[in-house]
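Protein sequence lines, in the order shown, are assigned to chains A and B. Read in order, the letters of the first sequence correspond to residues 10 to 367 in the working numbering. Read in order, the letters of the second sequence correspond to residues 807 to 1178 in the working numbering.
Just so you know, these hints were derived from the structure itself, not from any lab. Check before you lean on any hint, since a few could be wrong.
Unchecked claim - In silico lysine-lysine, DSS-like type, Cα no more than 30 Å apart, as pairs:
1) A:Lys112 <-> B:Lys1087
2) B:Lys1094 <-> A:Lys112
3) A:Lys186 <-> A:Lys218
4) B:Lys877 <-> A:Lys113
5) A:Lys113 <-> B:Lys1087
To be verified - Partner residues aside, some chain A positions facing chain B, computed with beta carbon under 8 Å:
6) Ile61
7) Ala63
8) Ser81
9) Gln162
All C-beta atoms in this analysis are idealised placements derived from N, C-alpha and C, irrespective of residue type, glycine included.
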Amino acid sequence: MARIELSGIRKEWGEVVAVEDMDLVIEDGEFVAVLGPSGCGKSTTLFMLAGIYAPSAGVMRFDGSLVNEVESRDRNVGIVFQSYALYPHMSVRENIAFPLRFKKVPDAEARRRVEAIARLVQVHDLLDRRPGEMSGGQQQRVALARALVKEPQLLLLDEPLSNLDATLRLTMRTEIKRLQRQLEVTTILVTHDQVEATTMADRIVCMSKGRIEQVAAPAELYARPASLFVASFVGAPPINVLAGRAEGAEVVVNGLRLGRVGEGGAAGEVVLGIRPEHIRFDAHGLAGRIDQIEPMGRETLYLVETPMGGVRVLEGGAGVRFALGDSVRIGFRPEDSLLFDRESGALVPGARVAPPAG
Amino acid sequence: MAGRPPLPAAAPVRGSGDGGARGQYDWDRLAARARRRRALSHAALTGFLVLASVPILLPYFWVLTISFSAKTGGIESVVLWRACGVLIPAVIAFALGRILLPRRRQRWILAGFVTGAAVIAISVAIGPYLHFENYRFFWVADIVRDLPGRGQATHYAQFPSVWIAFRNSLLLAVTQTALVVVVATLAGYYISRFAFAGRASFLQALLVLHAFPAMTLIIPIFLLMHWIGMLDTITGVILVICTLELPFAIFIMKGFFDAVPWDIEMSAMTDGASRRQAFVKVVLPQVKVGMLAIGVFAFIRGWEEYVFVRTLLFEKANWMMSLYLWWVADDIMGVDYGIVAAVAVFYIVPSLLLYLFCQRFLVQMSLGGIKG
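The shape of chain B in the complex, shown without the other chains (with noise of 0.2 Å):
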């Protein structure tokens, strides 16, 4: 930079010379319709996201309300209202800090002073509706006991344990995670490296199996259970829900393998490494986003699965988180959408947990991940 010439004085000047003026460009000006555009567009994207996503999240948050404040048979939309009535302008002032204040000291005293004032005016609103009767599932064991009417109920409209059911969701989800997880990368590796009869119309039929609506099997799938004698057992369920959610499993992982180049497998083999130790010091790494996302995804189909659970378990051993729920809404003479809230909040945290958990790894996912 010393030994640079100094810029000639006359480069510069704008409007100098009569005949220059009108043939240069004005800078400033167009420099500012740009911000003003970037502007626009930014809030124009803004505002599309929170409309799109107010009737996705408002009747998650009215659950959540109901859990924690309705009363037994009734449902009220009171509490519903006056939280939103306390957090619409918390956000409001929120998004409106982050685009007016420049400094991020600033923008920090102004997020700490809204979450106070949202914290009290909350408490002031809705406080004294606030109780956890609804969640007592978690310590009475039958919940249908106490009710009107129940007391004297028999063996079969007993309630389980919630717990139950969550232990069987949870080796539901986990058990065939697992297995889909170690089958789909073996299958989709192998698909991915080697040359095989009928490897086409495998993966052609991969895709129709994917395609196809699992729902109109259910029939023979239940005989077929049936026959084997897996009805009614948690293991021909995880079976069941792992052989549905296979294909695409495996497409996903044949997509991932295929993305990472033979050389470097060729490499790891001449540097000393037998075809085992090159898969899994070398391959594997470099697909384990895709492994976590067909994860995720096996462990949320398990976790939420309904249809094949209803049909084919019947003992109150074998209830699933989402049988548990139908149960609840069901089984109670007058629905109690307190309770219904309260199991819906508690059904819904395990997925969002691991959702959020691996929400950053799924985008990748989406930019890096699917090649043919």
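Just chain A, with the same shape it has in the complex (with noise of 0.2 Å):
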């Protein structure tokens, strides 16, 4: 268990550079998520916290100690790959008792440390196996269990749910999450499924393009994006986004003016972004025509054009009350609405947007 602290970390390839700058603090035996689209450096950096990628440029350090130095087999570091990476030709009991053969564990407490980790992660029935015979439930679970049995101080996992099935990747999470809880192991996730990572990280670090977004607890990320990127990456079905104007007290969008409500002083090129939850049919809203129908079981999902451009209204729980082509109109409350900075895609904090009168 450790807490780990990254202050200005940089890693470059040739040009491109993967992971700009970066710091960040995970207190002792905290659930991370790091969140963002492929290509966002987020696997880059779980490779440098692995020791597999040597850091460009900043300082590393677990429990106030520089490792920047130290290589990948002394950190102590237990990681999940996507691809699991078991070792094909070994059996699990061999899998799982490998990273014990190079810390000199005697055979009969390594034995006993290997049953008990099986146990835990119930593949213990299966310890005599080879990775190519088990589905892939079991061998993710195999490749947990490798990576726990030598007690690591940091837990790494590498989108370890995507190549599960549906079924499968919501028991996982959930086990994952429990073991987690149990061993109090600090553990950072690596994935692209905001899904994955609201629902099982203490805090999600959301990337993108090498920088990083947002740190912040999964609802605060949800509520308060404290960017674009951030707003239009969580949450499914996607935020509208609606590009605007500032003008005075005034936001245009479309042609159609809506009135500012609150401080917060953004001029010039905005854009407005209100969740699809957040839009209601309200008789005294704006008009507009039902484009497109999405049932989703428990909730119906809305295209509604309006004189603002396309909206999506998400509607819950009461079944699909409209038809294709229908005249509603529709509204949302001015503390629902979030106002982003087009150049720069930073929130304007306070900055609030009146919905507009039919």
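With the hints in hand, could you dock these two chains into one complex?
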């Protein structure tokens, strides 16, 4: 278990900057998810923590001691790869025991630990099988056992669930979380799947193009995204994004004038963001026409054509109330609107927009 | 199963109602047709393979019969035909039994019966012709000594023992196999894993070298060997053959290493292994089929080598099996095909054994091996 500190970490591959000046502190025993699209530098960060890549600049500390130059094998980091990376020529038992071979753990002790950890991840019936003879979920558990058996100070998970089917993903999500709490191991999960990140992690680090966009608890990341990127990356169905211009006390979207509420002094090009579930059908709201209907079971997603542009509206619990082409009126509460600076993508704090009247 | 409701009585009717029958498939007929087709294509394939293997196997079989039956000087085909006359019916009986008899037990009984009959028939038909005189080179060091007119042979006309040639061939084959496997494995790993300037052109050069006809190099190689003082040394030949064998072997090994994911190596390193330990304990076991394959190729290449040993070796003490065979055919007045055949059989056996032993690994290679 360790407290991880990254300051000014940078990784360059020739001309390409994969990770740019990253500062991050992860507390002992914390479960942190690094979330971002492919190529945002999250796996690079993970491999730097594991000691497989050396950072081009910056300082990396485990529990206060500098580890930049400590070799991968001496860092005591457990890692679960997306492909599981089990050793195909070894049985499950040998796979799990592999890290202990290098730690000079006595045989009896190693056997005991392998069986204990195998029981914990529920693969104790499979110890004599080869990785090729197991399902994806079982391989996943073995990979987890192998990462945990050495009692790592840091557990790294590189998209561990992406090769599993949907049901198994749910189960493993719960299980990894349970294990993490039980063992209190500092854990970093790298994923491009926001649901994985928000359901499992205590804190989420949202990355884009090698930079940290926001570090926040899942709920806060969703409610108060620091940038347009975070707002659009987190949330499904995605947030409505409407480009406009701030002009004095108004925001003009597609020729439609919306009143501004509250302080926050953005001017010029802005982007208005409203989550689909925050838009509701409102008899006094903006007139529109249903353009598309996507029933999703518990909820229904409507695409509504309005003078502001196309808007997604997510309505729960009411079944499918409208038909294609129906005329509707929509509205939203000012406190649910988010205004971003279009140039920098940053949130304009406190700036709100009042819904247009019909 | 217990809780499952019984099938409705009306479900499997065929031809019950007048309109219903026409719309349904005749499953039994379709199944019978599929069975017939399978049997037919199976028979056709078997027939084709048998026909194709006859011209390959027959000459070897002939060599075998000659080596055990030919008297000095002459060759007779009577033993071959008689042996074939027994073996062909036996093989056909085996095949028919395999196809026609449904029970394993019945097949075993038939097989035992056919084998017994074949052994008796062979011993009656060709037993009197068989002798081991052609294999006397095993225990007679100089086989030409007692030939008529060669009694007072000079030192240069004398044959060395076949065991010297055997030892030399084995030395050549084993040493060059070891060299090729070690060098190609390390080189293949490096090319597969590390980016270095000129990597692409290096790979292309490997292919060109492999495709390059080695025979055209024979004079330059002769001169080179002469200049560096390795002419007429086994070491020199080993180096030459290794060099010619390596490009292909490196290319094969590179393909095998490419198929081993990076992840397991990284995983091994975070598990506490050094780079070398990760290579030995995790990567090498994944490519051992490839190592075996290039090893077998290299061994057979070294074992069969004729052109370069013929060119680069002169001294009798340096004879290889191929040279021994050639001199046996060339040096005896009026070729004694009995001895030639016997030496050929002896020459074939080691590579045949090796091949049989490694066959299943080599088959794996063509399935999972070369991926660019």
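Against the structure, the hints:
no. : hint                   : verdict
1   : A:Lys112 <-> B:Lys1087 : holds, 15 Å
2   : B:Lys1094 <-> A:Lys112 : holds, 27 Å
3   : A:Lys186 <-> A:Lys218  : holds, 28 Å
4   : B:Lys877 <-> A:Lys113  : violated, 69 Å
5   : A:Lys113 <-> B:Lys1087 : holds, 16 Å
6   : Ile61                  : holds, 5 Å
7   : Ala63                  : violated, 13 Å
8   : Ser81                  : holds, 5 Å
9   : Gln162                 : violated, 12 Å
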